[in-house]
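My numbering numbers the first residue of the sequence shown as 1 and each following residue consecutively.
Hints may contain errors.
Stated by the list, open to error - Here are the in silico distance ranges between beta carbons for each label pair:
(1) R116 with D51: 20 to 28 Å
(2) F150 with K92: 51 to 59 Å
(3) M50 with L174: 47 to 55 Å
(4) D51 with L10: 20 to 28 Å
(5) Q86 with D137: 27 to 35 Å
(6) A140 with E30: 16 to 24 Å
(7) L174 with E60: 37 to 45 Å
(8) L10 with D104: 33 to 41 Å
(9) K92 with D136: 22 to 30 Å
(10) S65 with R171: 37 to 45 Å
(11) D2 with P44: 15 to 23 Å
(12) E71 with T3: 24 to 32 Å
(13) L85 with T142: 31 to 39 Å
Stated by the list, open to error - List time: in silico DMTMM-like cross-link candidates among lysine to aspartate or glutamate, alpha-carbon distance up to 20 Å:
(14) K165 with E129
(15) K159 with D122
(16) K73 with E49
(17) K109 with E95
(18) K73 with E91
(19) K109 with D64
(20) K73 with E95
(21) K47 with D112
(22) K47 with D103
(23) K92 with D51
(24) K109 with E78
(25) K109 with E81
(26) K54 with E40
(27) K109 with E71
(28) K92 with E81
(29) K165 with D154
(30) K54 with D68
(31) K73 with E60
(32) K47 with E60
(33) K92 with D137
(34) K165 with D179
(35) K92 with E129
(36) K109 with D154
(37) K73 with D103
(38) K92 with D57
(39) K54 with E81
(40) K47 with D68
Just so you know, these hints were derived from the structure itself, not from any lab. Virtual Cβ for every residue (Gly too), placed ideally from N, Cα, C.
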Amino acid sequence: PDTSIDHYRLALEGDPRHGSTVVALEALMEDVDRRGIVAEMLQPFYKAEMDWPKLVDAIEARLDSTPDPEERKPLLLEMGEIYELQIDDLEKAFETYARLFRDDIEDPKTRDLLSRLGNVLDAWPQLAEIYSNALDDVVADTEGTTELAFVLADIYDDKCSDHEKARDAYRRVLSFDPD
């Protein structure tokens with residue numbers, strides 16, 4: 001066990017805004033082995049201080065040490081919301097939601113977030129590329145991936161005027177056999 005981390009945790013529990021503890025923890029962010037746990041400790045401080053760029057950095061550090069998609073999901077959602085609602089950087093929010101989508105391409109809520117921002121940003125070609133790349137990695141289609149292929153076909157057809165790619169996506173939809 002890392003006793004210095006434990007001492008810093010206790011100091012923050014006593015005073016969540018303990019300045020010298022925060023400075024010491026920020027210095028520890030350079031240590032790759034402790035970066036994730038230190039970032040987790042700093043997150044509440046950054047949130048309370050509304051230091052959105054540092055909060056995003058802390059979340060990113062946690063993501064670097066979190067390989068499990070289910071554990072990554074709330075972190076990426078929070079980061080996307082910070083970009084969108086606090087920093088007002090819709091492009092970064094879109095990129096963050098794209099990362100979230102790649103972790104689970106069948107999650108309709110994530111797809112809705114991505115589609116909504118794609119619409120706001122008029123980023124239809126980028127959205128089509130994200131969906132297309134995700135579908136390229138699918139070995140066997142499911143109802144969810146078939147639905148995604150249908151959405152992709154509509155984007156190609158209606159938003160990108162790429163009728164050849166739309167036709168290919170529609171063919172994928174039609175070839176799906178749930179049995």
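Problem - CB-CB spacing for D137 and Q86 relative to the 27 to 35 Å hint - result: Between Q86 and D137, where Cβ atoms are some 32 Å apart, the hint holds.
Practice task
Sort out whether D64 lies within 20 Å of K109, counting only the CA atoms.
Solution key: violated, 23 Å
Practice task
Take a quick look at whether K92 and E81 sit within 20 Å of each other, Cα to Cα.
Solution key: holds, 10 Å
Problem - Distance restraint between K47 and D112, which requires alpha-carbon spacing of 20 Å or less - result: violated, 26 Å
Handout entry: A140 paired with E30, Cβ distance criterion 16 to 24 Å
Key = violated, 44 Å
Practice task
Given the hint that K165 pairs with D154, test it: the Cα-Cα distance must not exceed 20 Å.
Solution key: holds, 10 Å
Problem - Distance restraint hint 51 to 59 Å, applied to the beta-carbon atoms of F150 and K92 - result: violated, 28 Å
Problem - Given hint E60 paired with K47 - CA-CA distance at most 20 Å - result: Satisfied, since the Cα-Cα distance of roughly 14 Å is no more than 20 Å.
Handout entry: Range hint 33 to 41 Å (beta carbons of L10 and D104) holds or violated
Key = Roughly 37 Å apart at Cβ, these two residues keep to the hinted range, so it holds.
Handout entry: Proposed proximity, E129 with K92 (alpha carbon, max 20 Å)
Key = Distance of about 17 Å is within 20 Å: holds.
Problem - Hint check for T3 and E71 - Cβ pair distance inside 24 to 32 Å - result: holds, 26 Å
Exercise for the section: Note whether the CB distance of L85 and T142 lies within 31 to 39 Å or breaks it. Expected result: Distance hint for L85, T142 holds at roughly 32 Å.
Comparing the model with each numbered hint stated earlier shows that hints 2, 6, 16, 19, 21, 22, 30, 33, 34 and 40 do not hold.
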